[in-house]
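Enquirer: With chain R's structure known, arrange chain H on it following the hints.
So the sequences go chain by chain: R and H.
The numbering of the first sequence is our numbering, which starts it at 21 and goes up by one.
The numbering of the second sequence is our numbering, which starts it at 115 and goes up by one.
Any given hint could turn out to be false.
As the list claims (entries may be wrong) - Keeping only pairs whose Cα atoms sit at most 20 Å apart, straight-line, the calculated SDA-like set for lysine to any residue is:
#1 48/R / 117/H
#2 48/R / 101/R
#3 129/H / 217/H
#4 48/R / 81/R
#5 267/H / 304/H
#6 129/H / 38/R
#7 48/R / 120/H
#8 267/H / 61/R
#9 48/R / 124/H
#10 129/H / 54/R
#11 129/H / 25/R
#12 267/H / 295/H
#13 48/R / 78/R
#14 129/H / 23/R
#15 48/R / 100/R
#16 267/H / 293/H
#17 48/R / 123/H
#18 48/R / 116/H
#19 267/H / 154/H
#20 48/R / 121/H
To be verified - Just so you have them, the derived chain R footprint on chain H, three or more residues with Cβ under 8 Å:
#21 115-123
#22 239-252
As the list claims (entries may be wrong) - Among chain H residues calculated to face chain R with C-beta under 10 Å, some are:
#23 126
#24 129
#25 210
#26 212
#27 271
#28 273
Because the hints were derived from the structure by calculation, they are not lab data.
All residues carry an ideal CB built from backbone N, CA and C; glycine is no exception.
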Amino acid sequence: MHELSLALEVCRIAESHLEPGTAGRLRKVGVEVGQDANIEVENFRFCLEALLDAPPFGGAVPSIIPCAGPDLRLAYLEVDDDG
Amino acid sequence: MTVRTIEVRERVMAKNDEIAAGVRGQLAVAGVPALNFVSSPGSGKTALLERTLDALGGEMRISVVTGDVQTQNDADRLAARTTRLVQAVVTGGACHLDARQVQHAIDALDLDDTDLLFIENVGNLVCPASWDLGENAKVVLFSVTEGEDKPLKYPGMFRNSTYAVLTKMDLLPHVPFDVERALAFARSVNPELRFFFTSALTGEGMESWFDFLRGQVRAGAAAAS
Chain R
21 MHELSLALEV CRIAESHLEP GTAGRLRKVG VEVGQDANIE VENFRFCLEA LLDAPPFGGA
81 VPSIIPCAGP DLRLAYLEVD DDG
Chain H
115 MTVRTIEVRE RVMAKNDEIA AGVRGQLAVA GVPALNFVSS PGSGKTALLE RTLDALGGEM
175 RISVVTGDVQ TQNDADRLAA RTTRLVQAVV TGGACHLDAR QVQHAIDALD LDDTDLLFIE
235 NVGNLVCPAS WDLGENAKVV LFSVTEGEDK PLKYPGMFRN STYAVLTKMD LLPHVPFDVE
295 RALAFARSVN PELRFFFTSA LTGEGMESWF DFLRGQVRAG AAAAS
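Okay, chain R solo, but in the shape it has when bound (with noise of 0.2 Å):
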């Protein structure tokens, strides 16, 4: 629960940042997961999959970048313009 609720805030940030309506154009999220983060990385990964794989968004791929420290950071998202 602990992982899906972060993949969940992950998704909400991600969709604050596009434009309304092209959160299917988007291709990949970048996430740096802090050592300290007290996340099981599988696990969130998996949450993130199935999250990005659903609507509003249309199979992005979650790029996992391990990190230092206790932070968990949307780091950036990969969108394709031409849809």
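Expert: Frame of chain R; chain H shown alone:
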């Protein structure tokens, strides 16, 4: 295909932390210290709070927010020890309280009529370590029926806590628990931890705990005045 990269660099906990800062500010203005009680299930959070309400409920105005995955059992137990409102948050499966839930809970409390706030988190030694609720400090409990190496197994919780309460001390003669070893493990993770040693059943060590709470209330009121 034209792929455009949007740099975001946003902390996922930012929204929670923003709400927690608001809670902390609200409590500070009202002069209400808040303690967030965290532990594994069954370490004795509710028993410690029951005993505390029994002893201090007539001396100071204590409000309580409880978090449980299911049932209001803990809130009901505590409500039986106080005439004041006990706010129950049933998370419905989530393994921790978040700042939004605490914000909603304290919205129902009269902070001007409160001296001290207890937040009893969901029993879990992992997830609650990551969520700032706007508290002054986290208080981690672990009982002598658990392993001495809990601080090593769950370092995040012990690192993020300011106080540690060893509970069920009355059982010490009956269990193979080495207190000094447990303290050494805890200090290896967080050298600044301050310890209390209590038994909610016999009352052992509770006076020291109560004095600490009295100090917290005095400091909270002084900071707000």
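Enquirer: Give a verdict on every hint.
Expert: Consistency of the hints with the structure:
Our distance criterion of 20 Å between C-alpha atoms is met by residue 48/R and residue 117/H, whose separation comes to about 10 Å. Distance check on the hinted pair: residue 48/R and residue 101/R sit about 13 Å apart at the alpha-carbon level, within 20 Å; holds. Distance restraint check for residue 129/H and residue 217/H: the Cα-Cα separation of roughly 13 Å lies within the 20 Å cut-off, and the hinted pair is therefore satisfied. Between residue 48/R and residue 81/R the CA atoms are separated by roughly 5 Å; this keeps the pair inside 20 Å, and the hint holds.
A hinted pair counts as satisfied when its Cα atoms are at most 20 Å apart, and residue 267/H with residue 304/H qualifies at roughly 13 Å. Under the criterion of a C-alpha separation no larger than 20 Å, the hint pairing residue 129/H with residue 38/R is consistent with the structure, at around 18 Å. Note on residue 48/R and residue 120/H: the hinted pairing holds, with a Cα-Cα distance of about 10 Å set against a maximum of 20 Å. The straight-line distance between the Cα atoms of residue 267/H and residue 61/R is roughly 18 Å, inside the 20 Å bound, and the hint therefore holds.
At roughly 16 Å between alpha-carbon atoms, residue 48/R and residue 124/H fall within 20 Å of each other, so this suggested pair holds. Of the pairs offered as hints, the one joining residue 129/H and residue 54/R holds, with about 18 Å between alpha carbons and a cut-off of 20 Å not exceeded. Under the criterion of a C-alpha separation no larger than 20 Å, the hint pairing residue 129/H with residue 25/R is consistent with the structure, at around 13 Å. Using a Cα cut-off of 20 Å, the hinted pair residue 267/H and residue 295/H holds, with the two alpha carbons roughly 14 Å apart.
This hinted pair checks out: residue 48/R and residue 78/R have alpha carbons roughly 10 Å apart, not beyond 20 Å. Distance check on the hinted pair: residue 129/H and residue 23/R sit about 16 Å apart at the alpha-carbon level, within 20 Å; holds. Only pairs whose Cα atoms come within 20 Å are accepted, and residue 48/R paired with residue 100/R is accepted, the gap being roughly 9 Å. Simply put, residue 267/H and residue 293/H have alpha-carbon atoms about 16 Å apart, close enough for the 20 Å limit, and the pair holds.
The suggested pairing of residue 48/R with residue 123/H holds, with an alpha-carbon distance near 14 Å, which does not exceed 20 Å. For the hint pairing residue 48/R with residue 116/H, the CA-to-CA distance comes to about 13 Å; that is within 20 Å, so the pair holds. As the CA atoms of residue 267/H and residue 154/H are separated by approximately 12 Å, the hinted pair is consistent with the 20 Å bound. About 12 Å separates the Cα atoms of residue 48/R and residue 121/H, which keeps this hinted pair within 20 Å; it holds.
Proximity of the stretch 115-123 of chain H to chain R, defined as three or more residues with a beta carbon under 8 Å from a beta carbon of that chain, is established by the 9 residues found. Under the rule that three or more residues need a Cβ within less than 8 Å of chain R, the assignment of the stretch 239-252 of chain H holds, with 4 such residues. The closest approach between the C-beta of residue 126/H and any C-beta of chain R is roughly 4 Å, which is under the 10 Å cut-off, so the hint is satisfied. At a threshold of 10 Å, the smallest CB-CB gap from residue 129/H to chain R is about 7 Å, leaving the interface hint in force.
The interface hint given for residue 210/H holds, since its Cβ lies 7 Å from the closest Cβ of chain R, which is under the 10 Å cut-off. Given the 10 Å rule on beta carbons, the hint for residue 212/H holds: about 8 Å separates it from the nearest Cβ of chain R. A distance limit of 10 Å between C-beta atoms decides the matter here; for residue 271/H the minimum to chain R is near 9 Å, and the interface restraint holds. With a least beta-carbon distance of about 8 Å to chain R, the hint placing residue 273/H at the interface is held under the 10 Å criterion.
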